[in-house]
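Enquirer: Using the supplied hints, reconstruct the complex from the two chains, each of which is provided in its own coordinate frame.
Here the protein sequences come in this chain order: A and B. Each residue of the first sequence is one higher than the one before, starting from 1 at the first, in the working numbering. Each residue of the second sequence is one higher than the one before, starting from 149 at the first, in the working numbering.
Hints are computed from structural coordinates only; laboratory data are not their basis. Just to be clear, a hint being listed does not mean it is correct.
As the list claims (entries may be wrong) - Calculated lysine-lysine pairs in the DSS-like style (CA-CA distance at most 25 Å, straight line): (1) B:398 <-> A:9; (2) A:8 <-> B:345; (3) B:345 <-> A:9; (4) B:345 <-> A:13; (5) B:398 <-> A:8; (6) B:206 <-> B:179; (7) A:111 <-> B:202; (8) A:85 <-> B:345; (9) B:448 <-> B:179; (10) A:8 <-> B:338; (11) A:21 <-> A:8; (12) B:209 <-> A:111; (13) B:206 <-> A:111; (14) B:179 <-> A:110.
Claimed, not checked - A few chain B residues that face chain A, going by a derived Cβ cut-off under 10 Å, partial list only: (15) 200; (16) 202; (17) 306; (18) 308; (19) 309; (20) 344; (21) 346; (22) 349; (23) 352; (24) 390; (25) 394; (26) 418; (27) 421; (28) 424; (29) 471.
Said to hold, decoys possible - Between beta-carbon pairs, the in silico distance windows are: (30) A:133 <-> B:296: 24 to 34 Å; (31) A:111 <-> B:446: 38 to 48 Å; (32) B:325 <-> A:127: 50 to 60 Å; (33) A:13 <-> B:325: 46 to 56 Å; (34) A:26 <-> B:162: 52 to 62 Å.
No residue lacks a Cβ here, since even glycine has one placed at the ideal position from N, Cα and C.
Residues per chain are reported as follows:
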Amino acid sequence: MSQIQDMKKEYSKMVEELSPKSNLLRDSARAFWVGGLICAIGQLITNIIKSFGYNHDEASMLTTIILVFLGIILTGLDIYDSLGKYAGAGTVVPITGFANSIVSPAIEYKKEGYVFGVGAKMFTIAGPVLVYGTIASVAVGIVHYFFK
Amino acid sequence: MAKYLGRQTIKFDLPPSIVSTASTVGPKEGKGPLSSYFDVVLHDPLWGEDSWEKAESKIVKKTIERVIQKGNLTPEDIDYIFAGDLLNQLTASTFGIRGLSIPFFGLFGACSTMAEAISLGAMAIDGGFANYIVAEASSHFCSSEKQFRFPLELGTQRPLTASWTVTGSGAVVLGKYGPSPYVSYVTSGKIVDLGVKDPMNMGAAMAPAAADTIIAHFEDTGFTPNDYDLIITGDLGSIGKELTLQLLRKNNYDIENIYTDCGIEIFDPVSQDTHAGGSGCGCCAVTLAGYLYKEMKNNKWNRILFVPTGALMSPGSIQQGESIPGIAHAVVIENNWS
Numbered sequence: 001m002s003q004i005q006d007m008k009k010e011y012s013k014m015v016e017e018l019s020p021k022s023n024l025l026r027d028s029a030r031a032f033w034v035g036g037l038i039c040a041i042g043q044l045i046t047n048i049i050k051s052f053g054y055n056h057d058e059a060s061m062l063t064t065i066i067l068v069f070l071g072i073i074l075t076g077l078d079i080y081d082s083l084g085k086y087a088g089a090g091t092v093v094p095i096t097g098f099a100n101s102i103v104s105p106a107i108e109y110k111k112e113g114y115v116f117g118v119g120a121k122m123f124t125i126a127g128p129v130l131v132y133g134t135i136a137s138v139a140v141g142i143v144h145y146f147f148k
Numbered sequence: 149m150a151k152y153l154g155r156q157t158i159k160f161d162l163p164p165s166i167v168s169t170a171s172t173v174g175p176k177e178g179k180g181p182l183s184s185y186f187d188v189v190l191h192d193p194l195w196g197e198d199s200w201e202k203a204e205s206k207i208v209k210k211t212i213e214r215v216i217q218k219g220n221l222t223p224e225d226i227d228y229i230f231a232g233d234l235l236n237q238l239t240a241s242t243f244g245i246r247g248l249s250i251p252f253f254g255l256f257g258a259c260s261t262m263a264e265a266i267s268l269g270a271m272a273i274d275g276g277f278a279n280y281i282v283a284e285a286s287s288h289f290c291s292s293e294k295q296f297r298f299p300l301e302l303g304t305q306r307p308l309t310a311s312w313t314v315t316g317s318g319a320v321v322l323g324k325y326g327p328s329p330y331v332s333y334v335t336s337g338k339i340v341d342l343g344v345k346d347p348m349n350m351g352a353a354m355a356p357a358a359a360d361t362i363i364a365h366f367e368d369t370g371f372t373p374n375d376y377d378l379i380i381t382g383d384l385g386s387i388g389k390e391l392t393l394q395l396l397r398k399n400n401y402d403i404e405n406i407y408t409d410c411g412i413e414i415f416d417p418v419s420q421d422t423h424a425g426g427s428g429c430g431c432c433a434v435t436l437a438g439y440l441y442k443e444m445k446n447n448k449w450n451r452i453l454f455v456p457t458g459a460l461m462s463p464g465s466i467q468q469g470e471s472i473p474g475i476a477h478a479v480v481i482e483n484n485w486s
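In isolation and in its complexed conformation, chain B is listed as follows (with noise of 0.2 Å):
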């Protein structure tokens, strides 16, 4: 069975091994610094649908198939999917889902998604309930646009803190048995909340749960940052980023070498115009399912700590002039494990 190590982290007995991922990501996030990553580029937004949610729904389901499918798997192999957006009521997910036939969990973590997904599904693999699950993320630009900012014709100006929806999906194959890299140990996050109330500087809201989290980590395993070869938070962004940093110092951790962000990677935010960077359920789940698990293939990294975070408000929340309250969650992927 697998062991608590301290108060947040599971080390898992037999670590799930991640069989094969699938991206699937909009024509913006396609021109980015991690092109080539992905499996499939889309030139238009809509992909032929007729609303910005069917065409986020259609790039959850093609990616969950294609994910099964570069597993050599059939959908009756996979014993449940967990998986998880940020429309109202995990709306592009069910809908993506719904035609599968397969046992579901929807999760919503916001842009923590990906790692509370993963984090399950290697539970219940190491538990003994599943051989194979698959762990989804998505986001849309223009639908979270919708959802928590303004129409995308209306003329305004995003604050230089802002960070830029991420269009895509990430999904990963989790199973029993496999090759490399493998999940070893998750760290769960608590919610933290500083106080931060601007819903344009989502990186400054997340960045004391990410510092946490971390922090969590090192205290229940007793790694230390040498143990790692890349620490990648969510999608923090540029201001997330150096705060995360200083938080962490302030407790006598330095990782500044080996540390980087997801929305920091997806996109050149001076050819862009991201601002502060990439965001959304999709971000980590691209970055993951595209550039880190491709490049753990290629051994450039044997062990990362992957920590999405999440933004826990809704406009509503916003608007009744609550803070934001984080949350993060930390994955270990190795490539060896003993």
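If we strip away everything but chain A, and leave its shape as in the complex, we get (with noise of 0.2 Å):
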């Protein structure tokens, strides 16, 4: 048994030397310009909407609308998925690659139906995100309540 122990874990060794680790300097710096770029497009809207007279929490809510619109869009047209190679994290993070978490699936499911199809994946990426997000700021609303 332990022999079987032994191969496995002197296998696994050589899996680890052969295979190629991808560049992380290089995948951090374009997920970082990709992903402010995406913020600062995100703070251009909300300045030209506060500009014609909204408020912050207005402008903030019709930034995050127009911001997920683009991320459908971008996913429909068969562009974030490119996107998302290039830049990794920095499409994933910002509400956008939230929109084409939703989207994409909702595209390939299509043919399922748009009730077992559509409706039910379309939050098979997005839904774990959902479900721990919301717990995540149930906990943080508690201790918040308490340590204020």
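Expert: In structure tokens form, the structure reads like this:
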């Protein structure tokens, strides 16, 4: 038995040595500038909306809606996946990435129908984010309530 | 009757002939290094259908029809089809084959399916149960991504160890009598699992199975690497290939000079961005039906060991933290036999 364990361990070392690693510095730089650019566009949109006399909360909400819309459009136009391939977390973390994670399965599963396809599969990727995001915000809210 | 050699190998008395081959590939494969060897290159991965699954079934159907026609045969001449694919419950194969009225055995060997189909088909012929059989395997990049990975439009990065599922189908007709090349030996693989859990590094998961089957083949038959012009594994890709070489060297077999991998041959990793290489049941099926068969006809090689490898996991087994079992089946194909 231990012989097999030893073989597995030895093999896992061989695999580790031969498997190419992604370039962390280059990937981080790409994520930084693309993610930063998306945030800068968001800020620009907020500023423009504010210049029309909306207050900060209203402008933030409208910006979110516009960015989600842009994420959806770019996904539908087959552009967001290429952006994501280049920028990684830079396009996943902003809200446009959230939109992409909902729309891409919706497109993929359209053939399975609107109920068990689009409706059921839409949240396969974003679902866990929503569940644990909600739980985390409740936890933070409780901590905030007692220690403010 | 065919002879058992050792534990895993069969030598055929009257090696079945590869009567004809046919291959259909997607646009990306059609831009790869083996492009000129394929019969049909699609310009549209949907091929006029409205889903990836239907497109794959159409590829299966058309390829099987073509291979029968190229052998100057009719569907009535074919005693059995042995075929498989990657989709749940083998629907790509069954939906493609359902209109053909030919007895059918559905096989799942993941990417090793083509060798499994040829092995069983050759056994049926040499055992006297069939005169002609079709062996076929298919995969489709888009239907596989949908089933095993992420939606196509999701903005993700593929690790450098990942492989690219080939869109295509390769089929062969094996006949009791016919021209060269012939299927003379098969070595059936055992399931081998050295604990790799990363589905984005399937070459690493399958390499131990490839090495195990190649060693079993040499031990059972007494052949050495010198008896072959080419040893070509299924779709291990570049990392799996290196691992296989290392595992074989540890067992004192050096095949480096005559060894390559279907996953490496089918794409150009630099210009086509395929990372470790091609994979999927279709990968070694189209490589055999196109490249290997045609170059054997040209006598570039006269004796090859064809060793497709499969990763026997499901999306569910990966989520449950199971490691990935591998399998590899070896088939000897040669122009002259004695």
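Enquirer: None of the hints should be skipped; say for each whether it holds.
Expert: We went through each hint and held it up to the structure:
Our distance criterion of 25 Å between C-alpha atoms is met by residue 398 of chain B and residue 9 of chain A, whose separation comes to about 16 Å. With a C-alpha separation of about 11 Å, the suggested pair residue 8 of chain A and residue 345 of chain B falls inside the 25 Å cut-off, and the hint holds. About 13 Å separates the Cα atoms of residue 345 of chain B and residue 9 of chain A, which keeps this hinted pair within 25 Å; it holds. Proposed proximity of residue 345 of chain B and residue 13 of chain A is supported: the alpha carbons are some 14 Å apart, at most 25 Å.
A hinted pair counts as satisfied when its Cα atoms are at most 25 Å apart, and residue 398 of chain B with residue 8 of chain A qualifies at roughly 15 Å. In summary, the hint linking residue 206 of chain B to residue 179 of chain B is supported, as the alpha carbons are separated by about 21 Å, within the 25 Å threshold. Between residue 111 of chain A and residue 202 of chain B, the direct Cα distance comes to roughly 11 Å. Compliance with the 25 Å bound is thereby established for this hinted pair. A C-alpha spacing of about 23 Å is found between residue 85 of chain A and residue 345 of chain B, which places the hinted pair at or below 25 Å, so the restraint holds.
Distance restraint check for residue 448 of chain B and residue 179 of chain B: the Cα-Cα separation of roughly 23 Å lies within the 25 Å cut-off, and the hinted pair is therefore satisfied. Distance hint between residue 8 of chain A and residue 338 of chain B is fulfilled; the C-alpha atoms sit about 17 Å from each other, no more than 25 Å. Proposed proximity of residue 21 of chain A and residue 8 of chain A is supported: the alpha carbons are some 21 Å apart, at most 25 Å. Straight-line distance between C-alpha atoms of residue 209 of chain B and residue 111 of chain A comes to about 21 Å, which keeps the hinted pair within the 25 Å bound.
A hinted pair counts as satisfied when its Cα atoms are at most 25 Å apart, and residue 206 of chain B with residue 111 of chain A qualifies at roughly 17 Å. Between residue 179 of chain B and residue 110 of chain A the CA atoms are separated by roughly 29 Å; this puts the pair beyond 25 Å, and the hint is violated. Here the hint on residue 200 of chain B is kept, as its CB sits about 8 Å from the closest CB of chain A, short of 10 Å. Below 10 Å, beta-carbon pairs count as interface contacts, and residue 202 of chain B has one with chain A at about 9 Å; its hint therefore holds.
Among the interface hints, the one on residue 306 of chain B holds; its C-beta lies about 8 Å from the nearest C-beta in chain A, closer than the 10 Å criterion. Taking 10 Å as the C-beta cut-off, the interface hint given for residue 308 of chain B holds, the closest approach to chain A being about 4 Å. Checking residue 309 of chain B against chain A: minimum C-beta separation of about 5 Å stays under 10 Å; hint holds. The restraint placing residue 344 of chain B at the interface with chain A holds, with a minimum CB-CB distance near 6 Å, inside the 10 Å limit.
The interface hint given for residue 346 of chain B holds, since its Cβ lies 8 Å from the closest Cβ of chain A, which is under the 10 Å cut-off. At its closest, the beta carbon of residue 349 of chain B sits 6 Å from a beta carbon of chain A; the interface hint therefore holds under the 10 Å criterion. Among the interface hints, the one on residue 352 of chain B holds; its C-beta lies about 4 Å from the nearest C-beta in chain A, closer than the 10 Å criterion. Annotation: residue 390 of chain B was flagged as interfacial toward chain A, and the flag holds, the nearest CB pair being 5 Å apart, inside 10 Å.
Interface restraint check: residue 394 of chain B against chain A, minimum CB-CB distance 6 Å, threshold 10 Å, status holds. At about 13 Å, the closest approach between the beta carbon of residue 418 of chain B and any beta carbon in chain A exceeds 10 Å, and the interface hint on this residue is violated. Below 10 Å, beta-carbon pairs count as interface contacts, and residue 421 of chain B has one with chain A at about 9 Å; its hint therefore holds. A hinted interface residue such as residue 424 of chain B counts as satisfied when its beta carbon comes closer than 10 Å to some beta carbon of chain A; here the least separation is about 9 Å, so the hint holds.
The interface hint given for residue 471 of chain B holds, since its Cβ lies 9 Å from the closest Cβ of chain A, which is under the 10 Å cut-off. Evaluation of the 24 to 34 Å hint for residue 133 of chain A and residue 296 of chain B yields a pass: the beta carbon distance comes to about 27 Å. Remark: the range hint 38 to 48 Å for residue 111 of chain A to residue 446 of chain B is upheld by a beta-carbon distance near 43 Å. At roughly 59 Å, the beta-carbon separation of residue 325 of chain B and residue 127 of chain A lies within the given 50 to 60 Å, and the hint holds.
Between residue 13 of chain A and residue 325 of chain B the beta carbon distance is about 51 Å. The supplied range of 46 to 56 Å therefore holds. Separated by about 58 Å at the C-beta atoms, residue 26 of chain A and residue 162 of chain B satisfy the suggested range of 52 to 62 Å.
Hints 14 and 26 from the earlier list are contradicted by this structure; the remaining hints agree with it.
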